[in-house]
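Participant: Each chain, written out:
2 protein chains.
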Amino acid sequence: MKKRYLLAPGPTPVPEHVALAMATPMIHHRTPQFSKIFAEAAQLAKYMFQTEQDVLILASTGTGAMESCVTNLFSPGDKLLVINGGKFGERWGKIGETYGMEIVWHNVDWGQAADPKKIKEILDGDPDIRAVMVQACETSTTVAHPIEELAKLTRDRDNCLLVVDGITGVGVFELPMDKWGIDALVTGSQKALALPPGLAMVALSEKAWARADESKCPKFYFDLKKERKNLANDTSAYTPAVSLVTGLLEVLKGFKEEGIENVHKRHNRLARATRAGGKALGLQMIAPDSPADSTTGFFVPEGIDGAKFVKTLRDEFGVTMAGGQDQWKGKIFRVAHLGYFDTFDIILAMSAVEMALKKFGHNVQLGKGVAAAQEILLEAY
Amino acid sequence: MKKRYLLAPGPTPVPEHVALAMATPMIHHRTPQFSKIFAEAAQLAKYMFQTEQDVLILASTGTGAMESCVTNLFSPGDKLLVINGGKFGERWGKIGETYGMEIVWHNVDWGQAADPKKIKEILDGDPDIRAVMVQACETSTTVAHPIEELAKLTRDRDNCLLVVDGITGVGVFELPMDKWGIDALVTGSQKALALPPGLAMVALSEKAWARADESKCPKFYFDLKKERKNLANDTSAYTPAVSLVTGLLEVLKGFKEEGIENVHKRHNRLARATRAGGKALGLQMIAPDSPADSTTGFFVPEGIDGAKFVKTLRDEFGVTMAGGQDQWKGKIFRVAHLGYFDTFDIILAMSAVEMALKKFGHNVQLGKGVAAAQEILLEAY
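From first to last, the protein sequence lines stand for chains A and B. Take -19 as the starting number for the first sequence in the numbering used here and just add one per residue. Take -19 as the starting number for the second sequence in the numbering used here and just add one per residue.
Because the hints were derived from the structure by calculation, they are not lab data. Just to be clear, a hint being listed does not mean it is correct.
The list makes no distinction among identical chains, and a pair is therefore deemed to hold if it is satisfied within one copy or across any two copies.
Simulated pairs of lysine-lysine, DSS-like, Cα-Cα distance not exceeding 30 Å [stated by the list, open to error]: (1) Lys339 / Lys187; (2) Lys348 / Lys288; (3) Lys259 / Lys311; (4) Lys348 / Lys97; (5) Lys26 / Lys236.
This structure is a prediction, so every number in the text was calculated from the model and none was measured.
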């Protein structure tokens, strides 16, 4: 009967009514009954992506959709500018290298966002660069990269696309694909969408679709043109993940009902409350200058073993948060607040952090972080 | 309150306790809690595959796992012999062509199995052929290809692998990977495993793993060597489909409890009962000589529009069966009996077929197919 709480940035908790919708009897995917669900989910996904373009639904996790952008938009030898400030930025580059692209690595310190001025310089200096590859939120560092500013740079360059991993961005904060001019936008099911992992989505701009016609990379399972053709008939090229798509429709109906602006506001409020709570406890944020509203990371205070801290939270308090990866392994912890999260999840998180810090002998005033979070969370009431 | 019954060859019905297991609260994938589930599922999958090799679990449908065999085992220019007697045989060839392989198409009439003698001649005549690509059950025609006989041909040829799409074979009928010498075996979640679509599995022989070291195809999401390395640490390279893996473990525990031989016997009994029922009704089987135990197909009697027949079964009787594809579109129907199926599903199926035939004005004696099926189904009691 150990009670457990999931506060890691994906997978995130699945709402009970969505879990039950996914547990309803299986239906065949080539029936009017399922086509209706598939078409409605794809339609509502456009609302979430803030686009008039098709949103393609893939039976894979987000990495598969990232790969689909690389293999459908580019050809071996193409030069891609990869903004690399964490695990997922690095992944864009690794996928590109796998498919024979020339990667221009733009390394950014972990915890820092890309500087659009520097990106402009690079693009001005090298007109052969065919895309900027970036994360809306680099989950490993909790950084939000300046997508709107980057889109201003790529929008008027005929030769250059902006390809955005929005896996922990879409449905969390403002990322209006059409308005800003994002050329490829990807998300996954297990983040803001509050579904189990196993479903990914991707949308392409007109400019990107034109590029897809020229691409010379091999692809079969992740052939986006084939998916687009099938979507026109309310279906997918291969068997869709029926239960997850059924859950997706439930979640997207909820998004529509809450209103996308309110979804963003809620995430922003939870993020600000978490930051304020941490600040009140004297914790140092890992992305102080450009934190995303998806998840908030703090350095573990000196003298505390970060790996043990996260393990104790999980195994003793029953609260699963995320630790750090690579250079931040054992040094940080990350509190998620994307998806099916609201006021009292943040209270729970702050309280757990306070109690764990105390347990580790850190000088902390119990309730101080909670109180600071409460101040902000009260805005909603 | 329209009551619906799913009797199509995938997705197949999900057992209630499995659906509920998948609806339990989400857990983080990088925790000892989930690693235990993942490792146990992978271990039990070896029992189902009848192999000592690793069974890799992918977050994709079966087509993704088919692609992984092509991209991990071969290189552009490699010559592959594709047994093409239906939609899925054709798919092996299309994937191979996508990745630059030279496909030797061995066309087999729809409804017929490959003849091992002819395959031997082809292999003897062309030592450059690096693999035989085949389906254990070609779902579109319900044919079982002679995998054991084909394995005898490839086993002693150092240069040639046997790559088997077991999507509607594994967990249905005897397909002992190690004993027969199958080099790559693939399955998907939504068939015998009675799970929603979205999960695939693949296992490779030692001979195939050696080949994987030489492969020059690009792959990232479907990199099997990377998956194997991660499986050694009880995890997957990218986020696993947590809920589906949780369901997989439940199903595989059930397989172990029933015993794989009994699972095969049950499927065989249901298949024989369905065939006998159809025969009693004077229906002609679409794969009379080598029918698989996964699904049984019949030609719709002359004078009846097959598309309307299947539509009436679905929309009026509430019974979803599968129609035909391509050259058999509107000409056949297929009754599934793989996965969570037992005696009274077959009774239901035969009864629905009889009643629909009667409704379409066909001269049929009600209850005759049911009775013939009952005779065989009684073997179990």
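Participant: For each hint, tell me whether it holds in the structure or not.
Facilitator: Each hint, compared with the structure:
In this assembly of identical chains, Lys339 and Lys187 lie within 30 Å of each other by CA distance neither inside one copy nor across copies; the values are 55 Å within and 54 Å between. Taking CA atoms no more than 30 Å apart as the test, Lys348 paired with Lys288 passes inside one copy only; the shortest distance there is 23 Å, against 69 Å between copies. Taking the shortest Cα distances, Lys259 and Lys311 sit within 30 Å of each other inside one copy (17 Å), while across copies they are farther apart (70 Å). Taking CA atoms no more than 30 Å apart as the test, Lys348 paired with Lys97 passes in neither setting, with 39 Å inside one copy and 80 Å between copies.
With identical chains, the CA atoms of Lys26 and Lys236 are at most 30 Å apart within one copy only, with a shortest distance of 11 Å there and 44 Å across copies.
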